[in-house]
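A.B. asks: Line by line, the protein sequences give chains U and D. Just so you know, the numbering used here puts 106 at position 106 of the first sequence, and the rest follows in order with no gaps. Just so you know, the numbering used here puts 1008 at position 8 of the second sequence, and the rest follows in order with no gaps.
Since the hints were derived computationally from the structure, they do not count as laboratory data. These figures come from a predicted structure and were not determined experimentally. Treat the hints with caution; some may be incorrect.
Taking beta-carbon pairs under 10 angstroms as the criterion, some of the chain D residues facing chain U (in silico) [as the list claims (entries may be wrong)]:
no.: 1; residue: C1012
no.: 2; residue: G1043
no.: 3; residue: P1044
For lysine-lysine, the following BS3-like pairs were computed, each having C-alpha atoms within a straight-line distance of at most 27 angstroms [as the list claims (entries may be wrong)]:
no.: 4; chain 1: U; residue 1: K18; chain 2: U; residue 2: K31
no.: 5; chain 1: U; residue 1: K57; chain 2: D; residue 2: K1003
no.: 6; chain 1: U; residue 1: K31; chain 2: D; residue 2: K1052
no.: 7; chain 1: U; residue 1: K17; chain 2: U; residue 2: K57
no.: 8; chain 1: D; residue 1: K1069; chain 2: D; residue 2: K1003
no.: 9; chain 1: U; residue 1: K57; chain 2: U; residue 2: K18
no.: 10; chain 1: U; residue 1: K31; chain 2: D; residue 2: K1003
no.: 11; chain 1: U; residue 1: K57; chain 2: U; residue 2: K31
no.: 12; chain 1: D; residue 1: K1003; chain 2: D; residue 2: K1052
C-beta: ideal position from N, C-alpha, C; glycine also.
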Amino acid sequence: EADIYQTPRYLVIGTGKKITLECSQTMGHDKMYWYQQDPGMELHLIHYSYGVNSTEKGDLSSESTVSRIRTEHFPLTLESARPSHTSQYLCASSAGQGTSGNTIYFGEGSWLTVV
Amino acid sequence: DAKTTQPPSMDCAEGRAANLPCNHSTISGNEYVYWYRQIHSQGPQYIIHGLKNNETNEMASLIITEDRKSSTLILPHATLRDTAVYYCIVRARGSNFGNEKLTFGTGTRLTIIP
């Protein structure tokens, strides 16, 4: 099992509120990712990081922002939530080197509903 | 990363072997084949990966054809808990340059029938 944790798992929040989705991994992985997935649909990469102080936008444009101040922590923030942000957000990480190579491990996901 | 093609859905009887095919005809020499599965409302779970040799672990076996243009994931004794969407992905490994993200397609929805 991968040691990558997301909180909260489920959240219902009102429009206009600020929300931060937490993601932590204890594997010492340099690379971390955020994916967004609507029910029954494909995963889309929205942010990734190659290490501390490194963040990049993914394929799918997102109004969320991320930060990487510590290796193990990669939080995602929505400054003003809207109903269009309702989705599942999946955090992932990978070592990028060694025998585990680029195998990417996922957290359990955070289901966000904006009402 | 090379594109993959998978059947949208499959059924398998409980206790039987589930064989999930994947075509990746444009795979390049440095690209590995990865398999993940996603059980409803959970994050994708890594299953297995390989380059050109067949691989086996405690979850599954991966058979890659000699020309590497296709592969098959085998769950030897399927259980009801194996019902999930299975994703076949090909991507380069070990590169520090460019894109290291995974591109998931729509996968195969495997249903294990009691």
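A.B. asks: Each hint needs a verdict: does it hold in this structure or not?
C.D. replies: How the hints compare with the structure:
Hint status for C1012(D): violated, given a least beta-carbon distance of 21 angstroms to chain U, over 10 angstroms. The interface hint given for G1043(D) is met, as the beta carbon of that residue sits about 4 angstroms from the closest beta carbon of chain U, less than 10 angstroms. Because the closest C-beta pair between P1044(D) and chain U is about 5 angstroms apart, less than 10 angstroms, the hint holds. Straight-line distance between C-alpha atoms of K18(U) and K31(U) comes to about 26 angstroms, which keeps the hinted pair within the 27 angstroms bound.
Among the hinted pairs, K57(U) with K1003(D) is consistent with the structure: their alpha-carbon atoms are about 22 angstroms apart, no more than 27 angstroms. Only pairs whose Cα atoms come within 27 angstroms are accepted, and K31(U) paired with K1052(D) is accepted, the gap being roughly 26 angstroms. A distance of roughly 23 angstroms separates the Cα atoms of K17(U) and K57(U); the hinted pair therefore holds under the 27 angstroms criterion. For the proposed pair K1069(D) and K1003(D), the alpha carbon gap of about 11 angstroms is at most 27 angstroms, so the pair holds.
Among the hinted pairs, K57(U) with K18(U) is consistent with the structure: their alpha-carbon atoms are about 20 angstroms apart, no more than 27 angstroms. A distance of roughly 23 angstroms separates the Cα atoms of K31(U) and K1003(D); the hinted pair therefore holds under the 27 angstroms criterion. Only pairs whose Cα atoms come within 27 angstroms are accepted, and K57(U) paired with K31(U) is accepted, the gap being roughly 14 angstroms. Annotation: proposed proximity of K1003(D) to K1052(D) holds, straight-line Cα distance about 17 angstroms (limit 27 angstroms).
The earlier numbered hint that this structure contradicts is number 1, and it is the only one.
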